[in-house]
Amino acid sequence: MPALELSDVSKTFTMHLQGGLRLPVLRDVSFVAERGQCIALTGPSGAGKSSILKLIFGNYKCDAGRILVSADDKTVDIANASPRAILAVRQRALGYVTQFLRAVPRVSALDIVAEPLIVKGVARDDATARAAMMLRRFNVPERLWSLPPATFSGGEQQRINLARGLLPKHPILLLDEPTASLDAHNRAVVVDIVRERKRQGAAIVAIVHDDAVREAVADISVDVMHFAIAA
Amino acid sequence: MTTPDTDTPLLIAKGLTKYYGRQLGCRDASFELYEGEVMAVVGESGSGKSTLLQLLSTQIEPSSGSVTYRMRDGSLADLWRMSEPARRFLLRTDWGYVHQDPQLGLRMGVSAGGNVGERLMAVGARNYQDIRATATDWLGRVEIPHDRIDDTPRSYSGGMRQRLQIARNLVTAPRLIFMDEPTGGLDVSVQARLLDLLRRIVAEMRIAAIVVTHDLAVARLLSNRIMVMKGGEVIEAGLTDQVLDDPHQPYTQLLVSSILPA
Numbered sequence: 001m002p003a004l005e006l007s008d009v010s011k012t013f014t015m016h017l018q019g020g021l022r023l024p025v026l027r028d029v030s031f032v033a034e035r036g037q038c039i040a041l042t043g044p045s046g047a048g049k050s051s052i053l054k055l056i057f058g059n060y061k062c063d064a065g066r067i068l069v070s071a072d073d074k075t076v077d078i079a080n081a082s083p084r085a086i087l088a089v090r091q092r093a094l095g096y097v098t099q100f101l102r103a104v105p106r107v108s109a110l111d112i113v114a115e116p117l118i119v120k121g122v123a124r125d126d127a128t129a130r131a132a133m134m135l136r137r138f139n140v141p142e143r144l145w146s147l148p149p150a151t152f153s154g155g156e157q158q159r160i161n162l163a164r165g166l167l168p169k170h171p172i173l174l175l176d177e178p179t180a181s182l183d184a185h186n187r188a189v190v191v192d193i194v195r196e197r198k199r200q201g202a203a204i205v206a207i208v209h210d211d212a213v214r215e216a217v218a219d220i221s222v223d224v225m226h227f228a229i230a231a
Numbered sequence: 232m233t234t235p236d237t238d239t240p241l242l243i244a245k246g247l248t249k250y251y252g253r254q255l256g257c258r259d260a261s262f263e264l265y266e267g268e269v270m271a272v273v274g275e276s277g278s279g280k281s282t283l284l285q286l287l288s289t290q291i292e293p294s295s296g297s298v299t300y301r302m303r304d305g306s307l308a309d310l311w312r313m314s315e316p317a318r319r320f321l322l323r324t325d326w327g328y329v330h331q332d333p334q335l336g337l338r339m340g341v342s343a344g345g346n347v348g349e350r351l352m353a354v355g356a357r358n359y360q361d362i363r364a365t366a367t368d369w370l371g372r373v374e375i376p377h378d379r380i381d382d383t384p385r386s387y388s389g390g391m392r393q394r395l396q397i398a399r400n401l402v403t404a405p406r407l408i409f410m411d412e413p414t415g416g417l418d419v420s421v422q423a424r425l426l427d428l429l430r431r432i433v434a435e436m437r438i439a440a441i442v443v444t445h446d447l448a449v450a451r452l453l454s455n456r457i458m459v460m461k462g463g464e465v466i467e468a469g470l471t472d473q474v475l476d477d478p479h480q481p482y483t484q485l486l487v488s489s490i491l492p493a
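Residue numbers (this note's numbering), protein chains in the order written: chain A, 1 to 231; chain B, 232 to 493.
Honestly, the hints are just simulated from the structure, not real lab data.
Do not take every clue at face value.
[As the list claims (entries may be wrong)] Chain A is faced by these chain B residues, among others (derived, beta-carbon under 7 Å):
1. 374
2. 377
3. 455
4. 473
5. 476
6. 481
Idealized CB from N, CA, C, for every residue including glycine.
Same shape as in the complex, but just chain B (with noise of 0.2 Å):
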């Protein structure tokens, strides 16, 4: 079970900066995440989750700071020293990003099996039979029935859209994942659904994975470990329960205290 990589993260995220003219975005956001570890993001509107989820997946370059990312070769680079073809192929093979709206992570005029099948091809499958039947096994993994694989996603449910978009993520195999509300304008019965499915693939492949989220019930569900940010700034760190459970600072306590009772 443990391999001598597993002594070294991931992810190293070292003092990520981000100011959007003066307006601060995110502040000297430094930590670092290991294979197999789930990482929720949690705050406000405007704490600063969603600017650090793009810092850490290159979609904006920080203004200060760096992310360092271990490759699968086990050598560690530097991802805004790499070229733009190479961090386009990371994001495209080794990582998933799970948007709020699936509309975002999803080509929307194609086939639930195409868009499964585009991401196999963009790692160099050729195959077509071979990769009907992995895109037809994902599918079935994500619970989407075998008679809609032909359907484009406009005629599926929210529900079945956000499944699709996980599935296309993951069937490349990756080993970290990024996933901004994966839940959010979902209705409730069709969250817990997603949240079992998200918890069962994330813990059996063992990916790595960043979760933002507003919501401190999905954090628990999901997370073993948690960031609580406010005003641009990570504020409180630590063990998912440890944090939920005896929060210290008063942002973390109001937020806890503000959750109603099951």
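The following block holds chain A by itself, in its conformation from the complex (with noise of 0.2 Å):
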């Protein structure tokens, strides 16, 4: 059983706000990654990466198709589980990274990138170590760890959103764009965390727009544009 695989996933938008304006946006959209394996989608901005992604984590909801992640012997059917069955998948198997953060008044960066962890069951000490060690990876000054990422930089804040993303080690992993606007160092980290990820079993779906990246990552390409129907 691969870890995920996705099998003729289509997916329409109906803007009633616009008419009832139906917006198809991917059609039969079909692969597998397997344990150990990085997956790039490639195609033009539009094509529907993101929403592959999103789809896959459960933040879109499926029009048809099926979406199978399996973990820990369990396999779960994102397209048709009850929203506790994808919150429970969520914290056991499925990491989604974006280069966003959201960042949470008042909540320290120390605390924002410890917080996965914590919600898996880890011990606070522990994961707020573990936290720590990724902060320092991602070169985040030790200064700025107690303190809330809104005021942060961009820079800045992307770097402990993906330090948050990558801490805990889920057996599948979604990254959109994780290494867009880092310098060559934090670049780096990235490739360097990802690898391990892969060498201890992870599945990762990509969006890579950095050629260099990708290459050193990604095993497989997919290209979207079989899938898109607006592009």
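Quick one: dock chain against chain with the hints and give me the complex.
Here it is, written out as structure tokens:
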């Protein structure tokens, strides 16, 4: 059983505020990600790459097809799972990393990074220690750790979000442009961590525009134009 | 982490309907809530969300439908077949109810410590030192300064009153808490502090919560599930981020598109 299997996934948006305009974006998306494998989604912007990641994470509702996520001997079809089942899969097995941090008022950078581990049941001290290591790896200055990131620069917020998203060793990892606007050093950190997670058996689906980074991490490219309807 | 019970819902609503005379309050609301889940109920004034909250918390009797609750001993109880005293006891101990207006949830003439201690006494606490110590601890957790414990909430600001109401509700370690517009009427900075506090405490205590709010940002920050109500009916429900990022119903799309960008 592959870690992730999409078969015949389709998505159409209906815009009721525009007189019920129907906007088909994806048709019959099918691919498989095995453990330890990184799939790169390629195609021009607007082709639906990010929509595919959002469908897998359950952020968008799947109209048709199946999205099978397998971890710990359990398989869940995200396309037909209850909210409770999707939340359980996310907590246990599914990570989703974008370049944007959704800042929560008053929560320190260190706590933001540690939170997903605590939710997974890791003791607070242990989670905080591992979060600190991750922030150090991304060169976030220690004097910022105790501050809420709302006032940080865009680059600092992005690194904090990457530290948060890449810290838990999820069996399935979805990456949406993780290296966009990072400097060379931090790009290399992301590449290192992604390779590390692959060695640990994670299945990864990534959108990466930087050719060098994509070549460094991806095993297979899937051209989303095959599934796109309106580009 | 998993106990056998977590596969049984904590609360089951089936076909909850309420008519006020011929006027519809809420029609055919059904859902299941599990331990540790936070569900937001959103909709505009008159959508039926407050009626639903009152039906669930047994403050008004449904015209039809049922509410079933899993008691601490694991048995399932139909709330409208319970005796009135048993329902009241549940509300005082295993449940919490946070009103939008803290004056409705607090005793304004009693000290802050007394407000918190009173709930403890309802579950049988009698030792004054223990009660005072627990009350002090809880006031600290909701960030009320130690030296204000003997003051009455009359001398408190709106944000402090709301935090005190939360401490009063949570001191008995309830399993389910109802909140009716908990941040309504507070300044934005005060709201942020309260939301952060609620979010942290609810997650740490793994309390189930039903939060009525007209503010989608509050729903996004606090809840994992959401129900959208309009004209007394639930028109859309699901994961909070899914409903807010990919709304299907015309009314939900209107609500989501009406949010001002941050």
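Hints and how they fare:
Taken as an interface hint, residue 374 of chain B does not check out: its beta carbon lies about 11 Å from the nearest beta carbon of chain A, beyond 7 Å. The criterion of a C-beta within 7 Å of any C-beta in chain A is not met by residue 377 of chain B, whose closest approach is roughly 21 Å, and the hint is violated. Satisfaction of the interface hint for residue 455 of chain B is found here, the shortest Cβ-Cβ separation to chain A being roughly 6 Å, below the 7 Å cut-off. Taking 7 Å as the C-beta cut-off, the interface hint given for residue 473 of chain B holds, the closest approach to chain A being about 6 Å.
Proximity of residue 476 of chain B to chain A holds as hinted, the smallest CB-CB distance being about 5 Å (cut-off 7 Å). Given hint, residue 481 of chain B at the interface with chain A, holds; its Cβ is 4 Å from that chain's nearest Cβ, closer than 7 Å.
Comparing the model with each numbered hint stated earlier shows that hints 1, 2 do not hold.
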